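Engineer: So the sequences go chain by chain: A and B.
The numbering used here applies: residue 1 is where the first sequence begins, and numbers increase by one.
The numbering used here applies: residue 1 is where the second sequence begins, and numbers increase by one.
By construction, these hints were calculated from the structure, which means they are not laboratory data.
Each hint should be verified, as a subset may be incorrect.
[Claimed, not checked] Under the rule of at most 30 Å between Cα atoms (straight-line distance), these lysine-lysine pairs were calculated in the BS3-like manner:
{"no.": "1", "chain 1": "A", "residue 1": "K14", "chain 2": "B", "residue 2": "K23"}
{"no.": "2", "chain 1": "B", "residue 1": "K196", "chain 2": "A", "residue 2": "K47"}
{"no.": "3", "chain 1": "B", "residue 1": "K150", "chain 2": "B", "residue 2": "K23"}
{"no.": "4", "chain 1": "A", "residue 1": "K168", "chain 2": "A", "residue 2": "K14"}
{"no.": "5", "chain 1": "A", "residue 1": "K72", "chain 2": "A", "residue 2": "K209"}
{"no.": "6", "chain 1": "B", "residue 1": "K248", "chain 2": "A", "residue 2": "K14"}
{"no.": "7", "chain 1": "B", "residue 1": "K228", "chain 2": "A", "residue 2": "K72"}
{"no.": "8", "chain 1": "B", "residue 1": "K180", "chain 2": "A", "residue 2": "K2"}
{"no.": "9", "chain 1": "A", "residue 1": "K11", "chain 2": "B", "residue 2": "K246"}
{"no.": "10", "chain 1": "A", "residue 1": "K11", "chain 2": "B", "residue 2": "K85"}
{"no.": "11", "chain 1": "A", "residue 1": "K11", "chain 2": "B", "residue 2": "K228"}
{"no.": "12", "chain 1": "B", "residue 1": "K18", "chain 2": "A", "residue 2": "K14"}
{"no.": "13", "chain 1": "B", "residue 1": "K23", "chain 2": "A", "residue 2": "K47"}
{"no.": "14", "chain 1": "A", "residue 1": "K294", "chain 2": "A", "residue 2": "K168"}
{"no.": "15", "chain 1": "A", "residue 1": "K11", "chain 2": "B", "residue 2": "K19"}
{"no.": "16", "chain 1": "A", "residue 1": "K14", "chain 2": "B", "residue 2": "K85"}
{"no.": "17", "chain 1": "A", "residue 1": "K72", "chain 2": "B", "residue 2": "K18"}
{"no.": "18", "chain 1": "B", "residue 1": "K19", "chain 2": "A", "residue 2": "K72"}
{"no.": "19", "chain 1": "B", "residue 1": "K228", "chain 2": "B", "residue 2": "K196"}
{"no.": "20", "chain 1": "A", "residue 1": "K11", "chain 2": "B", "residue 2": "K77"}
{"no.": "21", "chain 1": "B", "residue 1": "K246", "chain 2": "A", "residue 2": "K47"}
{"no.": "22", "chain 1": "B", "residue 1": "K77", "chain 2": "A", "residue 2": "K44"}
{"no.": "23", "chain 1": "B", "residue 1": "K85", "chain 2": "A", "residue 2": "K47"}
{"no.": "24", "chain 1": "A", "residue 1": "K168", "chain 2": "A", "residue 2": "K80"}
{"no.": "25", "chain 1": "B", "residue 1": "K158", "chain 2": "B", "residue 2": "K18"}
Keep in mind the model is a prediction, meaning the values are calculated, not measured.
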Amino acid sequence: MKLEGIYFDGKSAKPLPIEATLYRDYISIYIPETVTTIRWEHNKVRKPETSGDNVILKYGEEFPFPTLQLNKHQFNAIVKQYELSHYYASGDFFRSASTPIALLMIVGGFITFAAIFYFFLVPLLISGVAEVFPRNAEISMGQAMKKNFIAGEKVDSAKTVAANKFVKNLKTGSDYPIHVTVVKNYVKNAFALPGGEIVVYSDILKDMKSYDELVALLGHEIGHVQEKHTLKTLLRNVSGYIIISLVFSDVAGIVTILVDNASQLEQLHYNRELESQADDYGYKVILMNKADPKGMEDLFKQLEGDSAATGIIPEFLQSHPKIENRIETVKERMKGEKSVVVKNDSLAYYWAELVK
Amino acid sequence: MDFTIPSAPQEARSTSVKKIIFKGKGNEFFSVYLLSIFLSIITLGVYYPWARVKILKYLYSETEFEGSNFTFHGVGKEIFIGMLKAFALLGAVFGIYILLLLYVNIFIAVLFYLVALIFIGPAAVVGSLKYRASRSSWRGIYFGYRGSYKSMFFILLKGLLLTIVTLGIYGSWFTTSLYKEILKNLRMGNLTFNYKGQGEDLFVINLVGGILSSLTLGIYFFKYQSDKYKYLAGNISLDLDGHTGKLKATTTGFGFFKLMIGNLFIILFSLGLAMPWAIIRTISFYANNSLLESTINFDEILQTESARASATGEGLLDSLDALDIQVI
Chain A
1 MKLEGIYFDG KSAKPLPIEA TLYRDYISIY IPETVTTIRW EHNKVRKPET SGDNVILKYG
61 EEFPFPTLQL NKHQFNAIVK QYELSHYYAS GDFFRSASTP IALLMIVGGF ITFAAIFYFF
121 LVPLLISGVA EVFPRNAEIS MGQAMKKNFI AGEKVDSAKT VAANKFVKNL KTGSDYPIHV
181 TVVKNYVKNA FALPGGEIVV YSDILKDMKS YDELVALLGH EIGHVQEKHT LKTLLRNVSG
241 YIIISLVFSD VAGIVTILVD NASQLEQLHY NRELESQADD YGYKVILMNK ADPKGMEDLF
301 KQLEGDSAAT GIIPEFLQSH PKIENRIETV KERMKGEKSV VVKNDSLAYY WAELVK
Chain B
1 MDFTIPSAPQ EARSTSVKKI IFKGKGNEFF SVYLLSIFLS IITLGVYYPW ARVKILKYLY
61 SETEFEGSNF TFHGVGKEIF IGMLKAFALL GAVFGIYILL LLYVNIFIAV LFYLVALIFI
121 GPAAVVGSLK YRASRSSWRG IYFGYRGSYK SMFFILLKGL LLTIVTLGIY GSWFTTSLYK
181 EILKNLRMGN LTFNYKGQGE DLFVINLVGG ILSSLTLGIY FFKYQSDKYK YLAGNISLDL
241 DGHTGKLKAT TTGFGFFKLM IGNLFIILFS LGLAMPWAII RTISFYANNS LLESTINFDE
301 ILQTESARAS ATGEGLLDSL DALDIQVI
């Protein structure tokens with residue numbers, strides 16, 4: 001069967017109408033205008049490319065290439081009929097995917113992948129990033145966040161000094177330099193920033209019965225610091241942005257967005273696992289300092305009563321794990337592990353300064 | 001072909017009007033586009049060069065002039081290698097920047113970074129123009145870009161500095177010199193191009209457009225876009241052995257309004273998923289609104305370029321040859 005088409009010799013743009021015949025080993029091209037026949041050996045013909053309604057065949061290794069333009073449908077029919085596998089057109093996979101079902105499948109696949117990516121790969125990526133995040137950068141980022149945050153708050157300088165002296169006498173078990181800032185606020189709250197910065201609201205100190213409660217509170221927050229919880233949670237909150245930033249290697253952008261997020265820090269929600277980890281760490285700090293584990297129980301109870309009264313749920317009292325469960329956990333630990341309680345005069349002294 | 005009377009060059013010929021026809025369809029392009037993006041994401045960008053080739057091959061092959069389609073001959077592998085080289089180069093620059101920042105001071109570091117970008121920028125522009133031209137053809141006739149790094153370097157340097165110093169006023173002249181440089185060095189076989197626009201004309205269009213757009217709370221903006229496009233396209237001319245042609249844009253402000261607002265809604269309401277339709281609409285819009293008035297017989301174009309544009313040893317320029325910057 002003869003195919004009508006157009007031949008370009010590669011030297012000019014002049015179109016030459018031709019008749020082409022496909023054989024198993026070659027293509028015969030007859031040019032009526034010049035009454036000549038050209039023979040294309042099949043092993044020198046490049047893979048056909050679809051172009052609109054046409055198929056484009058190029059010949060040879062050396063530039064310029066002669067080109068043959070044939071009707072796509074006629075060409076493909078012959079190729080299929082005689083099983084000329086050499087001429088199966090490439091690139092048709094993409095075009096053939098334009099039926100509605102194929103489109104739906106592509107969109108479905110895309111959404112499925114996006115979901116897997118977000119719920120599985122992103123957390124993996126985040127903990128990886130948090131692991132390799134330079135310590136100095138984490139510390140200076142935390143300091144920048146603190147500065148940003150306390151700009152809108154009243155800092156209690158006297159209590160801040162006392163709190164840091166308290167920390168100085170506390171065994172923290174942390175590699176980070178812990179620094180506390182006491183902020184005047186009627187809400188009972190405390191939260192940790194990356195790299196060792198901790199913010200404590202003055203009202204949470206007011207109703208403490210012993211310094212053991214403060215050890216429990218700081219222990220919990222130091223737990224968040226040591227396990228890089230704030231960094232990880234912040235990274236997750238801005239993960240969409242992070243991925244784009246990584247693609248464009250825009251590290252400065254990541255830091256900026258994290259600092260900008262500082263205003264929402266007191267509302268930062270950790271998940272259940274991270275809160276339990278911080279409680280575990282807090283309990284360890286209590287034991288390290290030979291403080292009374294009952295302080296942790298008292299702290300939870302105090303905050304439980306307060307949040308019931310004000311309706312404000314501080315970071316320290318997230319909805320999950322439930323506060324009753326956390327109290328239970330502390331009680332069981334106290335039963336399980338025998339703890340030695342030795343009064344620390346320095347801690348008691350600075351705590352007294354704090355609750356004055 | 002339909003309107004021209006074949007005759008020897010240099011003789012008077014009647015002017016014919018020709019159109020570029022774009023036949024791309026949203027649903028076809030959607031699968032090409034989405035699958036490409038999808039594969040690029042799951043391979044963390046490694047597939048991107050091949051995706052780019054797929055997208056460009058589709059757009060070229062759906063563009064027709066005088067009954068023949070354009071062809072993109074790029075290969076994923078060469079763009080991939082070009083990308084690796086570019087990453088290595090930019091990585092080295094960034095590395096030195098960090099070292100200077102840590103061990104010297106921020107002033108020297110930023111200075112180094114800016115100077116490095118000033119030298120790399122023109123290479124990237126010229127490299128990608130050369131690459132793209134050398135991989136594009138029509139009826140087997142290849143495009144070519146013959147501009148030098150040096151002239152592009154001075155145009156970009158002068159343009160950026162003066163645009164900053166004049167608070168943007170020089171922008172119109174900068175655009176003009178860039179168009180002139182690119183078009184005079186572009187060719188398709190022995191067909192050459194030229195840009196005849198003047199900086200001051202473009203400046204007036206930009207000034208009037210800017211003022212009226214803000215006075216009319218943006219309504220005039222679409223007319224401004226149309227005027228600007230008409231001016232830029234209308235000053236592009238073609239030449240083949242003394243026979244000339246020129247582009248003519250038939251866009252209207254309302255046309256631009258429909259295009260831009262339509263695309264905005266398409267992208268917004270599909271959360272970006274319908275991007276391919278917006279791209280097809282845009283290319284169709286420009287193709288439908290462009291005419292070519294000429295006395296050129298396009299059958300007479302002769303092959304002049306070598307397809308191996310990237311095989312010229314020009315150091316840095318060469319290493320960025322396959323860097324395919326997105327210009328479509």
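Engineer: Taking 30 Å as the top limit, are the C-alpha atoms of K11(A) and K85(B) close enough?
Structural biologist: Violated, at about 34 Å.
Engineer: Could you grab the alpha-carbon distance between K168(A) and K14(A) and see if it respects the 30 Å cut-off?
Structural biologist: 88 Å, violated
Engineer: Is the Cα-Cα distance between K150(B) and K23(B) 30 Å or less?
Structural biologist: Cα-Cα ~39 Å, so violated.
Engineer: Given the hint that K11(A) pairs with K246(B), test it: the Cα-Cα distance must not exceed 30 Å.
Structural biologist: 25 Å, holds
Engineer: With a cut-off of 30 Å on the C-alpha distance, tell me whether K228(B) and K72(A) pass.
Structural biologist: 40 Å, violated
Engineer: For the pair we were handed, K23(B) and K47(A), check the Cα-Cα distance against 30 Å.
Structural biologist: With Cα atoms ~23 Å apart, K23(B) and K47(A) stay inside 30 Å; holds.
Engineer: For a C-alpha distance cap of 30 Å, please report whether K11(A) and K19(B) respect it.
Structural biologist: 24 Å, holds
Engineer: Is K228(B) within 30 Å of K196(B), Cα to Cα?
Structural biologist: 14 Å, holds
Engineer: When you check the alpha-carbon spacing of K158(B) and K18(B), does it fall within 30 Å?
Structural biologist: With a Cα-Cα distance of about 37 Å, the restraint between K158(B) and K18(B) is violated, given a limit of 30 Å.
Engineer: Does K72(A) pair with K209(A) here, judged by a C-alpha cut-off of 30 Å?
Structural biologist: 87 Å, violated
Engineer: With the threshold set at 30 Å, check whether the alpha-carbon distance from K248(B) to K14(A) stays at or below it.
Structural biologist: Holds - the C-alpha atoms of K14(A) and K248(B) are around 25 Å apart, at most 30 Å.
Engineer: Below or equal to 30 Å on CA atoms is what counts here, so check K168(A) against K80(A).
Structural biologist: Violated, at roughly 83 Å.
In summary, the structure is inconsistent with hints 2, 3, 4, 5, 7, 8, 10, 11, 16, 21, 24 and 25 from the numbered list given earlier, while agreeing with the others.
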